[in-house]
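Spelled out from the first residue to the last, the chains are:
Protein chains: 2
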Amino acid sequence: MPLTELPIEKAFMLIEPGPVLLVTTQNHGRNNIMTISWHMALDFSARVALATGPWNYSFNALMSTRECVLNVPAVDLAEKTVRIGDCSGADVDKFKEFGLTPLPGKAVRAPLIAECLACLECRVADYLEPQGIFILQGERAWVNPDRKERRTFHANGDGTFAVNGETLNLRSLMADKIPSGV
Amino acid sequence: MPLTELPIEKAFMLIEPGPVLLVTTQNHGRNNIMTISWHMALDFSARVALATGPWNYSFNALMSTRECVLNVPAVDLAEKTVRIGDCSGADVDKFKEFGLTPLPGKAVRAPLIAECLACLECRVADYLEPQGIFILQGERAWVNPDRKERRTFHANGDGTFAVNGETLNLRSLMADKIPSGV
Numbered sequence: 001m002p003l004t005e006l007p008i009e010k011a012f013m014l015i016e017p018g019p020v021l022l023v024t025t026q027n028h029g030r031n032n033i034m035t036i037s038w039h040m041a042l043d044f045s046a047r048v049a050l051a052t053g054p055w056n057y058s059f060n061a062l063m064s065t066r067e068c069v070l071n072v073p074a075v076d077l078a079e080k081t082v083r084i085g086d087c088s089g090a091d092v093d094k095f096k097e098f099g100l101t102p103l104p105g106k107a108v109r110a111p112l113i114a115e116c117l118a119c120l121e122c123r124v125a126d127y128l129e130p131q132g133i134f135i136l137q138g139e140r141a142w143v144n145p146d147r148k149e150r151r152t153f154h155a156n157g158d159g160t161f162a163v164n165g166e167t168l169n170l171r172s173l174m175a176d177k178i179p180s181g182v
Numbered sequence: 001m002p003l004t005e006l007p008i009e010k011a012f013m014l015i016e017p018g019p020v021l022l023v024t025t026q027n028h029g030r031n032n033i034m035t036i037s038w039h040m041a042l043d044f045s046a047r048v049a050l051a052t053g054p055w056n057y058s059f060n061a062l063m064s065t066r067e068c069v070l071n072v073p074a075v076d077l078a079e080k081t082v083r084i085g086d087c088s089g090a091d092v093d094k095f096k097e098f099g100l101t102p103l104p105g106k107a108v109r110a111p112l113i114a115e116c117l118a119c120l121e122c123r124v125a126d127y128l129e130p131q132g133i134f135i136l137q138g139e140r141a142w143v144n145p146d147r148k149e150r151r152t153f154h155a156n157g158d159g160t161f162a163v164n165g166e167t168l169n170l171r172s173l174m175a176d177k178i179p180s181g182v
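Chains as they are written, first to last, in our numbering: chain A, 1 to 182; chain B, 1 to 182.
For the record, the hints were derived by calculation from the structure and aren't laboratory data. Take these hints with a grain of salt, some might be off.
[Claimed, not checked] Using 30 Å as the maximum straight-line C-alpha spacing, the simulated DSBU-like pairs for lysine-lysine come out as follows:
1. Lys80(B) / Lys80(A)
2. Lys96(B) / Lys177(A)
3. Lys80(A) / Lys177(B)
4. Lys96(B) / Lys106(B)
5. Lys10(A) / Lys80(B)
[As the list claims (entries may be wrong)] Here chain A is said to cover these stretches of chain B; the calculated rule only asks that three of the stretch's residues, wherever they fall, bring their Cβ under 8 Å from a Cβ of chain A:
6. 15 to 26
7. 38 to 45
8. 106 to 120
9. 164 to 177
All C-beta atoms in this analysis are idealised placements derived from N, C-alpha and C, irrespective of residue type, glycine included.
I would like the entire structure built from these sequences, with the hints used as guidance.
This is how it looks when you write it as structure tokens:
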């Protein structure tokens, strides 16, 4: 599965729509994955905020390795994505358990998930402790152009998920707000 | 248009899917609206993070009044929502310009938008200056149960928007992760 590099100035587009993400880490040589919906773009430089805390097994990996990859699953991975979020890396090797393929990145040791639509390699720039917010800096971004199913999905918070339907193009109404190259 | 109160413990569900939002403020008696996609839930108590800064006209209103309302537009408001984001409250009375109806809230002076699907009245708890992140605390939440068009939409960052399509129900796979009452 060949991944194509996405120019880093377009990487905020992976985050801005608010899809469910799979966050991968590697700690002491061991890969892990967590599911997260609480994230947002911070600017057009691929700076991203992520809300989590010590109750997540991945928290220690994020704090000690200062790295992760944000992977964007398509809807054919929805059930796996939910199951990944419902077990802990303390008990399970999630790549093995869920039949996912780790690929090496270029900027970080945390693995890309080969089955995802896109992957953003990130460094942890900061953790804002009282608010429980990680500040991530995206470094390299990748997309899988050959994937057939490309619809992402969004958590409603009650166990239901909204799958992307039609696309509206309103670019002509906001041309001056779109960064160059996007 | 009668609004129904949404229990505050369900208000994170308005934010978690990542829809485009309309943020209303009232400063010196003057209402304003900004369009934003960079937001995330912080917990199940309706605490929300919002990324913006002094380049937005609403920034001063947020800082000085310490209040706002997060309004969720449905897709029939998509064109207005984009146009609202493409002009400044410094020049335009946006409620008047876009034919929207301000309604009084219960917790804050900032207005609810009658035409939206749902509204979350918020207090500004903090502004994290170096990161450009507002921390909001949702206080009262409202939904418009009579609205026919209920699909929300998500910004892709390039002037295109993903409209909600089908809903997946995976609740049975994550029952233990869903807060009580949701």
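Within a Cα-Cα threshold of 30 Å, do Lys80(B) and Lys80(A) meet the stated pairing? violated, 37 Å
Could you grab the alpha-carbon distance between Lys96(B) and Lys177(A) and see if it respects the 30 Å cut-off? holds, 23 Å
Starting from Lys96(B), check that the Cα of Lys106(B) is at most 30 Å away, please. holds, 22 Å
Holds or violated: Lys80(A) to Lys177(B), with C-alpha atoms at most 30 Å apart: holds, 15 Å
How about the stretch 106 to 120 of chain B: do at least three of its residues have a C-beta closer than 8 Å to a C-beta of chain A? Violated: only 0 residues of the stretch 106 to 120 of chain B have a Cβ under 8 Å from chain A.
Taking 30 Å as the top limit, are the C-alpha atoms of Lys10(A) and Lys80(B) close enough? holds, 25 Å
Between the stretch 38 to 45 of chain B and chain A, are there enough contacts, at least three residues with CB-CB distance under 8 Å, for the coverage claim to hold? holds (count 6)
Tell me whether the statement that chain A covers the stretch 164 to 177 of chain B is true, taking a Cβ distance below 8 Å and needing three residues at minimum. holds (count 14)
Proximity test - 8 Å, beta-carbon atoms, the stretch 15 to 26 of chain B to chain A, at least three hits: As far as the stretch 15 to 26 of chain B goes, the hint holds, because 4 residues have Cβ atoms under 8 Å from chain A.
Of the numbered hints stated above, those contradicted by the structure are hints 1 and 8, listed in ascending order.
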